[in-house]
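Heads up: the protein sequence lines correspond to chains A, B, C and D, in order. So the first sequence is numbered by numbering that gives the first Met the number 0: it starts at 0 and just counts up by one. So the second sequence is numbered by numbering that gives the first Met the number 0: it starts at 0 and just counts up by one. So the third sequence is numbered by numbering that gives the first Met the number 0: it starts at 0 and just counts up by one. So the fourth sequence is numbered by numbering that gives the first Met the number 0: it starts at 0 and just counts up by one.
Heads up, a few of these hints could be off.
To be verified - Think about it this way: if two alpha-carbon atoms lie no more than 25 Å apart in a straight line, the pair counts; the simulated BS3-like pairs of lysine-lysine are:
| # | chain 1 | residue 1 | chain 2 | residue 2 |
| --- | --- | --- | --- | --- |
| 1 | A | Lys292 | B | Lys218 |
| 2 | D | Lys317 | D | Lys89 |
| 3 | D | Lys15 | D | Lys121 |
| 4 | D | Lys14 | D | Lys89 |
| 5 | D | Lys15 | A | Lys202 |
| 6 | B | Lys218 | B | Lys273 |
| 7 | C | Lys139 | D | Lys317 |
| 8 | A | Lys74 | B | Lys107 |
| 9 | D | Lys15 | A | Lys32 |
| 10 | B | Lys107 | B | Lys230 |
| 11 | A | Lys32 | D | Lys205 |
| 12 | D | Lys8 | D | Lys113 |
| 13 | D | Lys317 | C | Lys116 |
| 14 | B | Lys226 | B | Lys112 |
| 15 | B | Lys112 | B | Lys21 |
| 16 | B | Lys202 | B | Lys218 |
| 17 | A | Lys32 | D | Lys274 |
| 18 | B | Lys268 | B | Lys112 |
| 19 | D | Lys274 | D | Lys147 |
| 20 | C | Lys139 | D | Lys121 |
| 21 | B | Lys21 | B | Lys77 |
| 22 | B | Lys273 | A | Lys292 |
| 23 | A | Lys74 | B | Lys12 |
| 24 | D | Lys121 | D | Lys274 |
| 25 | B | Lys226 | B | Lys273 |
| 26 | A | Lys291 | B | Lys273 |
| 27 | D | Lys8 | D | Lys21 |
| 28 | A | Lys291 | D | Lys205 |
| 29 | A | Lys16 | A | Lys74 |
| 30 | D | Lys121 | A | Lys7 |
| 31 | A | Lys32 | D | Lys284 |
| 32 | A | Lys18 | A | Lys7 |
| 33 | D | Lys89 | A | Lys32 |
| 34 | D | Lys121 | A | Lys200 |
| 35 | B | Lys218 | B | Lys230 |
| 36 | A | Lys74 | C | Lys139 |
| 37 | B | Lys268 | B | Lys226 |
To be verified - Here are the computed distance ranges between Cβ atoms for each label pair:
| # | chain 1 | residue 1 | chain 2 | residue 2 | range |
| --- | --- | --- | --- | --- | --- |
| 38 | A | Glu226 | D | Gly20 | 41 to 49 Å |
| 39 | B | Pro231 | D | Lys15 | 40 to 48 Å |
| 40 | A | Gly261 | B | Thr186 | 37 to 45 Å |
To be clear, the hints were calculated from the coordinates, so they are not data collected in a lab. Cβ atoms here follow ideal geometry from the backbone N, Cα and C, with glycine treated the same way.
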Amino acid sequence: MANKILAKDQLGAFVDKLKAGREVFAPALVGDKVVWSPLDSAEGLLLDFSNTDLSPKDFFFPQTECMMRFANDAKAPDGMIMQAEPELKTPRALMNIRPCDAKAMQVLDLIFIQDQMTNDAYWRDKREKTLLIGLACNDPCPTCFCTSVNCGPHHEVGLDLLLVDLGDRFLVKVISQRGAEAAAGLPEAGAAEEVQAAELKAKAEAMITEGVGMDNVNAREVMELYEAPLWDRVQENCLNCGTCTFCCPTCHCFDIQDEVQGTDGRRVRNWDYCMSWLFTMHGTGHNPRGTKKDRVRQRFMHKFKYIPMKRGGEIGCVGCGRCVQLCPVNIDVRRVVNQMNG
Amino acid sequence: MRNTYIPYPVRIKDTRVETEDKQLKSFWLEFMNPADADAFAYTPGQFAELSVSGYGEIPIGIASSPTEGQDLLFTVNKVGVVSNRLHNMKAGDVMGVRGPLGNSYPLKASEGKNIVIVAGGFAVTTLRSTMIWLLDPANRAKYGEITFIYGARTPGMLLYTDEWTSWQQSGQANVNVTIDREAPGWTGLVGFVPSVTEQVAPKPDNAVALICGPPVMIKFTQPVFDKLGWKPEQIVMSLENRMKCGIGICGRCNVGPEYVCKDGPVFTKAQLDKLPREY
Amino acid sequence: MPPSETFEPRIAAFFCNWCTYGGADLAGVSRLQYPPNIRAVRIPCTGRMNPNFILQAFRLGADGVWVSGCHPGDCHYIAGNMFARRRFAVMKRLLEYVGLEPDRLQFSWISSAEASKFQQTVTEVTAAVKALGPARFLRKDLAEVA
Amino acid sequence: MDNQAIAQKIREVAKKLLSEGKVDVVIGYAQGSVPMRDYPYFAYTPEEAENLTWSGFCNSNLANFTIRRPGRMAVVAQGCVTRNLVGLIKENQLKRENLFVIGVASPGMLDRNKVQAAFPGKLITSVQEDGADLVVTGRGFAERLPRKRFMKDNCYTCVQRNPVICDELIGEESEPTHGGDIDKVAAPWEKLAAGERWAEFQETFKDCIRCYACRDACPLCYCHVCFVDESQPQWCGKTQDEADVATFHILRAFHCAGRCTDCGACEAACPQGIKMRRLTSKIEKDIRELYGYRPGMSLEQEPPLVVYRPNDPQDFIK
């Protein structure tokens, strides 16, 4: 599909068109933090930012999501019988999503949707109804390491459109059919603009100097990595909090709980995290991952060994660097993976 | 496409307290919509999430066999929020069932072979399902000798006594039921499952062993099979871990890369030997 | 009628087994009339009163919480109520600090002989909570949450 | 002494302790892989002790890592951390004889969120302390700003910058306070009308993601099973709904009553920059007013909620 050009003075019209029949969200500066917010018009669009503190996975997999409701009254008609929550009514568009986050959603697709049975209706519904318009990273952060985990600052996987900021205009890379529809009517890109975008991509990729090595991680058997001595030191200062998992765009573990109040009842799912001892605790009191070391190891093994083994080499990490920035005790995933690889 | 988190509504048809300590209770469940019963096509070894609205879900092995009709049997140990509530429910109450989940015992692949079944405590549930399925006239001829080894703490803790007694009497299977210590009125075998297994000494030739029991039983039974010359590929075990989604997403039941709920709960010893012991 | 007159509050009342619970009994056998808005929960001592109980009551829909135990010096376990008094002081101040109306959380010392104090206190507590209307504090309305 | 000199001295003491076998481990800080994030580091050998560092961004409360830890350990501790160590000793989670305190007078620790807030949306690549200044460098900018502006809130009103217990003091004792008056800033919602308090409370905690970093970073939160993890009965829902978030924070704050040393580890750990001290400072203040107690100031004084006086205030009891 031919790439397009969107002049910055045309952004208003583009956003307005996007908003027809859709809710549009984009990163915005609220207080001193960059957070995902509803986008009213192109004026509110933030172009100079690194990334949001929390990933956009919440749009597809909300931290708290009501899955079904029931009448908590055995005598009522259909009482105690679970009824699914309605699907998303209005389609959405996420504008200026970073390529790493879009890639993360594609990785999660492989987990949430596998076959007839493993087919998360809630995730699928929101994914199908959401248009992803990426904003390529021209200035990756020092904590970014996307290029070493199957991703990159101008990566296109998972996106419908990718905007590359060329100064006074964007090169609009058309990636999907849905994207083509959203970009219909925009002028086609010229060769010079394509070249400029390619240069920006090469420059951005070159800025990412720290990364992780995966060759030995891939080559080694599970038990060799599992029993490696490195975990004794990695786990030492870990607090077993949920910061890394909750800010991570690919962490997807959840808990399901029932709640009642009077005659209302619901089944709700909440993000959960493998760092919690409760996560794996059996009713009998036996805990398969009973120590902090087991739990810390699980997180890294899951992302960098188990997911690649099961999902055709896709890694459960896109190198966004959020956990590196937010971990209260600076457990740097790059250091850990390089030790696994070392 | 169906939302696989929504349980099928079922009604409790019958209940029975199974053991002397009243910790184990069986529930026969009947689908409220006949179409759901058809959709719920299962094989022995699979499990389901029992859903009690307002309390939550628990993963429980299916104790009935599809050869017994469309009603489902579950035997539930009383340990947590959901199972405690379930024990207080009675015939006629409405609840939910989600599944069938997980893989099953390799019965198809074991055709023409001798089958050794080893069960400990209330883990006998899915193996009851297996036995009923194997002894069904449509299936029995496809298999060689069937050896059933089952142990519990006391005679009062044994499940499904009528059934294994009838298997014994029919001569269709070699049934060995044991209790841990001598008890008044008990004339059968006495001793732990591993030592009884050693006495029975099933031969590894053209055979497969299906084992389900508490971790301590599994731990001590495995070496017995090793000693008797069984290969890791012939030993099949069923695991359990804490679960929520039951369909391989929520992330808590995994043992290495394998999800017990989706890739399991049935694994061969050969598979498990390559995985962390996080179960 | 204004809502405060039609509204009947539900008040979770935690009574020490050795005093207020007996006081309630005595009020009953003495045929003293008092509002039926309390749901009495017997506890072995106010020292057993976990602050979780107070929050849990509000979470589950109580409009008010009332804890009552033995007068200082009269504790069956010597000083359970004295330790509880310090915890209650801190808890009450904390809950009021985050917006709980002071009258929703009440404490009293009532002995098993003080049936009339019991009657009078139930009446006061009920009237005070009734005047405030239904509580929203920590109550989760499932119809409203996503 | 400047940070480099303090770090050098910490390394010397640590090496000595480890080589003489006086302790099994020295728990200190090492330089983080990102700016403003020095992390807890465990040195077991004199060589590893070379990695120890010191800066205003040493913000984890290291007392947290001593809880129920076997063996003998040395801990790098500022005033507040020693107060927590005292608390842990009193609560039988730590034995004084297993502990060697490497005391450091607190310079007033720095708040990374405040530094970031001075450069909204900008990428900071390095932050250096230079005397009374902070030199902040990022993409396209380098600024020198007064250090004092970026101190953690609790450090302004700290009354115990010097260690309470100490086996070796690095450098000299400093002024006990930074001059701030805790009573002027504690419990900020007290001045609000009752109806506005709940709204302020909600606003303060609305970004909470329930990661429990505040709990896990706190040296007081060492329960084997936290109340939020209990299921029979379940005291607190697991959702993001305001009732559940509020329940968690109220009960956590209450569990720290009479124990919280106002070290600010919770705020430093929070990935969302939530100001929990607006809540916890209320209890700290009440305990001071009602029972005249400041946690962790002495090994002898009994904690306020395990003792009573016959004449304790009871004006709220009918």
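Hint-by-hint comparison with the structure:
no. : hint                            : in the structure
1   : A:Lys292 / B:Lys218             : holds, 23 Å
2   : D:Lys317 / D:Lys89              : violated, 34 Å
3   : D:Lys15 / D:Lys121              : violated, 43 Å
4   : D:Lys14 / D:Lys89               : violated, 29 Å
5   : D:Lys15 / A:Lys202              : violated, 49 Å
6   : B:Lys218 / B:Lys273             : holds, 16 Å
7   : C:Lys139 / D:Lys317             : violated, 30 Å
8   : A:Lys74 / B:Lys107              : violated, 45 Å
9   : D:Lys15 / A:Lys32               : violated, 45 Å
10  : B:Lys107 / B:Lys230             : holds, 19 Å
11  : A:Lys32 / D:Lys205              : holds, 14 Å
12  : D:Lys8 / D:Lys113               : violated, 29 Å
13  : D:Lys317 / C:Lys116             : holds, 10 Å
14  : B:Lys226 / B:Lys112             : holds, 20 Å
15  : B:Lys112 / B:Lys21              : violated, 38 Å
16  : B:Lys202 / B:Lys218             : holds, 20 Å
17  : A:Lys32 / D:Lys274              : holds, 15 Å
18  : B:Lys268 / B:Lys112             : holds, 18 Å
19  : D:Lys274 / D:Lys147             : holds, 19 Å
20  : C:Lys139 / D:Lys121             : violated, 39 Å
21  : B:Lys21 / B:Lys77               : holds, 9 Å
22  : B:Lys273 / A:Lys292             : holds, 20 Å
23  : A:Lys74 / B:Lys12               : holds, 18 Å
24  : D:Lys121 / D:Lys274             : holds, 22 Å
25  : B:Lys226 / B:Lys273             : holds, 20 Å
26  : A:Lys291 / B:Lys273             : holds, 22 Å
27  : D:Lys8 / D:Lys21                : holds, 17 Å
28  : A:Lys291 / D:Lys205             : violated, 29 Å
29  : A:Lys16 / A:Lys74               : violated, 50 Å
30  : D:Lys121 / A:Lys7               : holds, 22 Å
31  : A:Lys32 / D:Lys284              : violated, 31 Å
32  : A:Lys18 / A:Lys7                : holds, 17 Å
33  : D:Lys89 / A:Lys32               : violated, 41 Å
34  : D:Lys121 / A:Lys200             : holds, 21 Å
35  : B:Lys218 / B:Lys230             : holds, 16 Å
36  : A:Lys74 / C:Lys139              : holds, 23 Å
37  : B:Lys268 / B:Lys226             : holds, 14 Å
38  : A:Glu226 / D:Gly20: 41 to 49 Å  : violated, 30 Å
39  : B:Pro231 / D:Lys15: 40 to 48 Å  : violated, 54 Å
40  : A:Gly261 / B:Thr186: 37 to 45 Å : violated, 56 Å
Figure legend: structure checked against the earlier numbered hints; hints not met, in rising order: 2, 3, 4, 5, 7, 8, 9, 12, 15, 20, 28, 29, 31, 33, 38, 39 and 40.
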